[in-house]
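**Q** Please build the complete structure, drawing on both the sequences and the hints.
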Amino acid sequence: MNAVRFQQVSRHFGQIRAVDRVDLEIAPGEFFAMLGPSGSGKTTCLRLIAGFEQPTGGHIEIFGETAEGVPPYRRNVNTVFQDYALFPHLNILDNVAYGLMVKGVGKAERLKAAEQALELVKLPGYGARRPGQLSGGQRQRVAIARALVNKPKVLLLDEPLGALDLKLREQMQEELKSLQRALGITFVFVTHDQGEALSMADRVAVFNDGRIVQQGTPHDIYQRPKTRFVADFVGSSNVIAPDTMSSLGGERRWASLRPEAIRLTEGSGVAATVKATSFLGAATRLSVETNGARLHVTVPAGQPAPDTGAAIRLAWLPADVHYMDDAA
Amino acid sequence: MNTAAFPASSSQAPASILPRRSGFFGRLSDLFWRRPKLFLFLMLTPPLLWLGIIYIGSLIALLLQSFFSVDDFSGMVNYEFTLSTYAQLLNSANFDIILRTVVMAALVTIASAFVAFPIAYYAARYAQGKWKALFYLGVMLPLWSSYLVKVYAWKLILAKEGILTWLFAKLHLGWLLDGVLALPVIGGNSLSVSYIGTFLVFVYIWLPYMILPTQAALERVPANLLEASSDLGATPKQTFRTVLLPLALPGVVAGSIFTFSLTLGDYIIPQIIGSSRLFIGQAVYTQQGTAGNVPLAAAFSVVPIVIMAIYLWIAKKQGAFDAL
Chain A
1 MNAVRFQQVS RHFGQIRAVD RVDLEIAPGE FFAMLGPSGS GKTTCLRLIA
51 GFEQPTGGHI EIFGETAEGV PPYRRNVNTV FQDYALFPHL NILDNVAYGL
101 MVKGVGKAER LKAAEQALEL VKLPGYGARR PGQLSGGQRQ RVAIARALVN
151 KPKVLLLDEP LGALDLKLRE QMQEELKSLQ RALGITFVFV THDQGEALSM
201 ADRVAVFNDG RIVQQGTPHD IYQRPKTRFV ADFVGSSNVI APDTMSSLGG
251 ERRWASLRPE AIRLTEGSGV AATVKATSFL GAATRLSVET NGARLHVTVP
301 AGQPAPDTGA AIRLAWLPAD VHYMDDAA
Chain B
1 MNTAAFPASS SQAPASILPR RSGFFGRLSD LFWRRPKLFL FLMLTPPLLW
51 LGIIYIGSLI ALLLQSFFSV DDFSGMVNYE FTLSTYAQLL NSANFDIILR
101 TVVMAALVTI ASAFVAFPIA YYAARYAQGK WKALFYLGVM LPLWSSYLVK
151 VYAWKLILAK EGILTWLFAK LHLGWLLDGV LALPVIGGNS LSVSYIGTFL
201 VFVYIWLPYM ILPTQAALER VPANLLEASS DLGATPKQTF RTVLLPLALP
251 GVVAGSIFTF SLTLGDYIIP QIIGSSRLFI GQAVYTQQGT AGNVPLAAAF
301 SVVPIVIMAI YLWIAKKQGA FDAL
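So the protein lines, in turn, are chains A and B.
Per my numbering, the very first residue in the first sequence carries number 1; after that it's consecutive.
Per my numbering, the very first residue in the second sequence carries number 1; after that it's consecutive.
Calculated directly from the structure, the hints in this document are not laboratory data.
Idealized CB from N, CA, C, for every residue including glycine.
Result set (BS3-like, lysine-lysine): computed pairs, CA atoms no more than 25 Å apart in a straight line:
#1 A:Lys107 - A:Lys153
#2 B:Lys237 - A:Lys103
#3 B:Lys150 - B:Lys160
#4 B:Lys237 - A:Lys107
#5 A:Lys151 - B:Lys237
#6 A:Lys103 - A:Lys153
#7 A:Lys112 - A:Lys153
#8 A:Lys151 - A:Lys103
#9 A:Lys107 - B:Lys317
With the Cβ distance kept under 7 Å, some of the chain B side facing chain A (calculated, not the full set):
#10 Leu225
#11 Gly233
#12 Gln238
#13 Pro246
**A** This is the structure:
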């Protein structure tokens, strides 16, 4: 049985097809990421699971039970909202205990459970404060505790790390991942950050224009993008047109070549000119021109990076060139 | 400053500090920018003088009057400190006036809150574009027409020969209206001479003052808090009670301050529509006018102030302003 199952699910807003005939299967205990640019339908899919939206067509199952027509408060699914949506008029402990309170759990019991949930997210003793007195990262932990205290079957996270700074975001990524492993709850995670999706998820679905373009493990999606969109969106690969590819000595098909798969060589290889360089810390990214096409090349730190305008030669292993099925 | 300060040729680089705008106002803007407190002082002095001397000052003068008394023989005001005027408020006739007014104000406030909330909720959560404009127009339009005209219009509507009696008769519900009018205290010969009539007109007249702050408060409640509540398992009723109402309460309280205090002080509506028994506003009017007892009028006008102070204190105690 699947934790979540979409069969040809659509959600239209007037003429706009926010979600268009999506098929989806999420296994119990899985960390599943929905990745896509804004407006691609990933958040609407999450809201369909939570019950805030009802599908225009299709069928949704949560742990084998029909979900369409069931209001959010009758679904054993909880959401961590993008801006946390903590109740400003309640203190932290009452915020976390809210789900148990509305279900009629006694005061002593629910406050104890809330305190435990706060310990789980490393915020013990913060119960008496108000949401306004916490930092963004702390509020985010409270939002997670408030959802987890209900012991949901599925935890939905809507871009939960979007508002945090880089350092905190990386730390929370690790913590979320270990939390998910420890609890064994199915996590469905919406993000537009491909790095986040690849590093945290067991499986990733890439969304574009209301449809899933590709589903698979992070490794799969990164190494074998199905379409130009996936290749470009996930890891900003070099998407090479058929003509260019054949002039570079490959097949006359659309191909994807990762910037880090391209090496700088001496003597042999494809001639290219460096048009721009940007220093990224761990690497330097070159924008080079060859045979009328622009390519990105990353040079790891420690290797000498050529200056702008330099004539260089490039080489790559034929196995690193990934040809794509369709041109879309 | 003259125009020569501008670069004559395009090849010349622009100055890093631009010349001051010429004239008195140019200097003034620069001065205000350098001394923001001076600007604030000049801006606030006239309204504060107005508020402080004319408004608060006259209010204090009025309150002082309430501590004087009227000589029973001469009818002259005796300028000696006494609490006897306040003692007069507690004799049964005067106390009835206070009680009647407070009960009416409370009922009008509660009814306004109940009528206003769904309207405000619709406007805040659902109405968009031209429907929102229509809402504002609908709520504000009655405020644009004369208060007296509206009250007299209601007198006609509520009169025995009025449209309401006619409507009830047409619907074969005349017995219902008669039954209501036969009720003791709140009933009467017709709606226009009963407490029910006074109540209806009060609710009508003050309703916009309840709708607008309630709507403003509801508008500030983020939609995702309601979603979060539902997500955490709260039924719509629980979400209303534990999230929406506490967050909208400051608006409802603000509205109730309007409806409550406006009803406490009004002397026209109960005079035109009602059972000719006095309300506080009418008592103030007659005491300072025909009766010439300014101290008692002043003491009467202190009553709404004290009641409002108590009301706000209770509201604060109950946490009505916690979500602000």
